[in-house]
Structures are given as C-alpha cells and as structure tokens.
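Whole structure, please, built from the sequences with the hints as guidance.
In the order they appear, the protein sequences are chains A and B.
Okay, so the first sequence: first residue is 31 according to this note's numbering, each after it adds one.
Okay, so the second sequence: first residue is 3 according to this note's numbering, each after it adds one.
Because the hints were derived from the structure by calculation, they are not lab data.
It is possible that some hints are incorrect.
[What the hints assert, rightly or not] Here are some of the chain A residues that sit facing chain B, going by a computed Cβ distance under 8 Å:
| no. | residue |
| --- | --- |
| 1 | Val55 |
| 2 | Ala87 |
| 3 | Glu91 |
| 4 | Arg92 |
| 5 | Ala110 |
| 6 | Met144 |
| 7 | Phe145 |
| 8 | Gly146 |
| 9 | Val230 |
| 10 | Pro231 |
| 11 | Ala235 |
| 12 | Gly267 |
| 13 | Pro280 |
| 14 | Glu284 |
We put the beta carbon where it would ideally sit given N, CA and C, even for glycine.
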Amino acid sequence: MPKKSYRQALNEALHHEMGRDPRVVVIGEDITGGAGASGEQDAWGGAFGVTKGLLGAFGRERVLDTPITESAFVGAAAGAAMTGLRPVAEIMFVDFLGVCFDQIFNQAAKFRYMFGGKAITPLVIRTTYGAGTRSASQHSQALYPIFTHIPGLKVVIPSNPYDAKGLLIQAIRDDDPVIFLENKVLYDMTGEVPDGAYTVPFGAANIVRDGEDALIIALGRMVGFAEKAAAELAREGIECTVLDPRTTSPLDEETILEMVEENKGRVVIVDESSPRCGMAADIAAIIAEKAFAHLKAPIVKVTPPHTPVPYAPDLERAYLPDPDKIAAAVRQVVSYKD
Amino acid sequence: MQGLQLPRERLLEAYRLMRTIRVFEDRVSAEMDTGDIPGNTHLYAGQEASAVGVCLHLTDTDRIASTHRGHGHCIAKGCDVDGMMAEIFGKATGICRGKGGSMHIADLGRGMLGANGIVGGSPPIACGAALTAKVNRTRDVAVAFTGDGGVNQGTTAESLNLARVWMLPVIFAVEDNGFGEATASSFATAGDICRRAEGYGMPARKVDGVDFFAVHDAMGEAVERAREGGGPTLLHIVTPRYYGHFSGDADTYRSAEEKAAMRRDQDCLARFRTRVTQASLLTPDDLDAVDRSVSAAIDGAVLAARAADRPALETLLTDVYVRYA
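If you want it as structure tokens, here you go:
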C-alpha cells in the first residue's frame, strides 16, 4: 500500500468527495491563497496546504476563499448545508472558533432538534488543534471537549493518515454537523493510505496495540505517544493495550468498557485537552460509573496542567503529555495494590 | 410590478396575510395572559407591512432567515398557522413537534429557515442559502430579516461584507421598530444604517414600513437585482412595535400617549385599507370578508392547539442527529 502523509490523505479525501458529489464545496480563509492577487493562484492551498490543488480541479465556484470573517462564513456554511449543499469549511486554528461559536452551537448544532427533525445539516468544519509548534496560547489549544459537550455535533480526531482520509470521507457523507480536528504536528506523519475512497465509521474505537496488563486510552497525537510508551513498557515486561476512540462524539463506550475488563482494571487516559471537563475527565467518569467493579487501581489521567499553552520551548514541552509521562502513569497503575 | 398595479387576488392575499399576522399576534397576547402558553413570545404586531411586502415577492424555493420576533415572517412566508399556534402551545401537532416554540418556528419546505433566538443570528444563514442558490444557479434569493438591534451585531457587518464579496443574491431586511429590547435604537445605533450598507458597496434604501406599497416596491427592485446576478441589497424598513419586547413586558419605557398615537397613526392595515379603497382596487366589503375569515381561522387554530396532545416523552431523545452510530 502506498505511503502518504496525513496532509495528502486529507487532500485525497477532499478530491474524492468533490469529484463524487457536486454539492460538496470547500470554504475558508486562504484555502487557495492568492485570490484577487496578481501572482500565483492556489499559492497556499490552505494555511497548512491541505486544500492545495482543489482550485485547479473544481474552480472558484466550489472552492471559495473568504474574507477573515469566521462568523459569516461558518454561518453561511451552516445555511448552505440546510439548503442543499454539503460544505466543508476550514477554520485555520480551532482557537478561532471562539469568534464564530454562536453559528456552531446555537445554529448548526440545533437546527435539526429545534425544527422537530425537519432539517439536515451536512456540514463539516475542518480545523487544526494542538500544541508543539511554539504557537502559544491562541493557536495551540485542544478544544474538542467543548464540541463534544454539545448535543447535535459529532467530533472527530484522526490520529494517523489512514484514519484521516477515511474519517474525512465519512464526515463529508454524514448528514449531521461534524467538527473535524487535525493535529497540526501530524500533517507530515506518513502511513499506508489506499488510493481509492473508503470510510472509517464514527463511534468505532481502534485497538492500536494489544496487551493485558494496562489500558492506555489516547486521542489524536497522543496515540503515537502512547504507542511509544507501550513499546518502552514492553521492554520492562508490562504489556499495554492502546485504544484510540477516533471520535469523541459518538464515543465507543462499549469497546472502552470491554478493554477495561480485559486489561485487569488498570487504566491510563492520555488527553491533550485541559484536565477540567476534558475528554480524560469524561472518559474516566464513564469508566467509574459503568465499570467500577472491574477497576483495580485509581484511573490516572495524563493531561496538560490547567494553564494556557505557553510559548517558550521548555515550557511547552513541560506542558504537553509525552511518552515518559505516560509510561510513569502506567507503572503507577500497574504497581497499585489495594 | 408596482404594488398598486397588483391584480386583485394578490392585493387580497397581501391584506389577508397582514390581517392574519395582526390577529394571530393579538390572540397570542391574549392567550399568554391565560397562562396556558408555556414559554415566551415576541410579538410582531405593527410590523405586518414589512413581512408581507418583502415575502410577497418570494416563492417556496426562495429562503428567509428570521428573528426572535418571527411569527410575522413565518405567516408571510406561508407557514401553516395551525401548526404555528400548536407549536407556541408546545403541542405534538406543532410545526416543530413542540421542540422549538415561538422562537424556532421553521418550515423548510416553505423556505422558512427558522425564527432565531440569537439577535444577529440570521444574516450568515441567509448568506448560506444565497450561496446554495448561486452554486446551483437556480435564480432563487434569500432574505435575512434582522432588526435595529441585530444590525449592530458583528455577524451582520461580516455578512454584509461577505455578501458583497461573493455577490450573493441576498436581501438584508433590517426592520427598525425603534427598540432593541428596551433600549431605543436612537441610543444604540450609531450613524445611518443605509450608509453602512453603502460602505460595503451595496445599494440600500430607507423605507416606510407602515406603507405596504413602499415596502413591496423597494423589495421588488432588490429581488430583481438579486435574481439577475446584481448581488445584495439592504432595506432599512422603519416600523412601529405595538407590544413590548416580549409579551409580559410592562413597556414602561414608552408613555401611554406615545403608544396610543403609534397605534392610531402607524397602522399599516388601516393605511392599506385607505389606499386600496380610495383607488377603487378593493371594496370595504372585500376587506371585511377577509377580516371575518381570518378571525375564524385564528379561533380555529387556538381551539385545535388547545385540544392537541402534548409531545410523547420519548420524543425528548429523537431528532438530535440524523444517525448517531
């Protein structure tokens, strides 16, 4: 199978779906780059190059550059979705969703319910998240718990190129609004990605590695860190399962609870979002509520501290979870004696 | 076509819609006083010529996005009055099955994309509907109803810009009823609303919203421009607001004299009646017959809404998603 980057996998998904369905349009800031300028058109293909080449293939009628005006174009994408298009809007950084939140949580997420089931809103909002690029507090957050909290939204966090393509195609074909979060550190990650179109279903967790001494649940970029930790721990004789939920809404509770039992009730949850009301807190609560009898040690969360994301490299490294922190947490749950 | 040249049946339809809005709102106000309507309502009475003057130009595939004061827009766009009343009573037969209430009445089949509980919520959505029309090359248009309050929201400013940048077939119908909630627009709105639109390079007109014909004719120009690919227009429609911000608002920020004078001097229904009878387009008997049939229809809507079943409790959990794996 050909090896491709996470970026290329996403680009292929957009090409496939725009070619397959004329209702799919892409909307966003600099998604071509160069609109109205005298020089190169499609100069950027998005701030991270994900939409590169769509302009040449599909033209300005379906590849729509916008002013820097997130409320208007995200709201317009929601309105277009309700009236027959299938828009994929790009928000350059998840942090910027703060300026258009009304259009997401009061409008797009609620049309169907408020209108008694009469509306469908097939909207995808692609955005980037995550620390690790020295981008500081307003360009590095991992805000997916906020979207997970809101009924009516689906939330997708691909951890590798294969999933990125399959989950994005699934998102575009889905009839509900989807927030699709791409970790910007992963864009150059490579992996096996089929050339053709395929989907990865929502709400189906991926067992990335099988063990039986402890369960590590990890999301997005943290999945790779968890795999590194698990490899290190295997050398010490501790075999871990690494579970990637892939989507936080819907969340594959069934597999999570099964894996808790199969891994002797010793659980570590790794999450790049803030510790309070974050995904680790949410998943820990579900396990405590529904699998309490199987737990053999307190659940340990590995998250950033409850601070904004710092700029200086040493501070940012200290902020993020990493394989060493994860391995230490696993040793703690495995050695716990009640 | 100019409003005064409309055929008889269109004039009767315009009057029927305006009268329906007035009677509907007065009746909702009375029913609110009984305590049997569970939520809150924001009444549109006094503004009827705006909704009808705008929507009479539209077909079911033209879309509107509305405001918290949306009953008038819904009726003018053809939403079922029985379903609206049942929705306001929170019943299973409501147009949104009792899940939306007054502030979320929608009928997508009629091109009514929803009343909206968020001031300034509608302009981006209407831009999206206009984008759909543009991409699909349908010649449909979209209307964003907002108000003198909504026009100060950033979403409206952003939408005016985006609509002009993308040359969208959208009309911004800014209904200036003098008040954003309890604060006068003379206090809250700086400068001139039409000049704001002109600043974005789009045509704008200030219109007397008590005069159905003035609204109708201004909207006619705007719709034609939009359908012909000429892009967006803003209409600044000045209307009275007969009731307070919400039903139950004691409305003490306006004097009794001011309110009485407003109802006496700024009544779009009375103005319409005078115009069409003086021009011998319709007779008083024609209009009286409409009045009688509208009153009967609203009586029927209230009786049906009161008699209807409440939503089944299991519907609490439905319609959150199309499918949730």
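Hints breached by this structure: Going through the list in order, the structure violates hints 2, 9, 11, 12 and 14 and respects the others.
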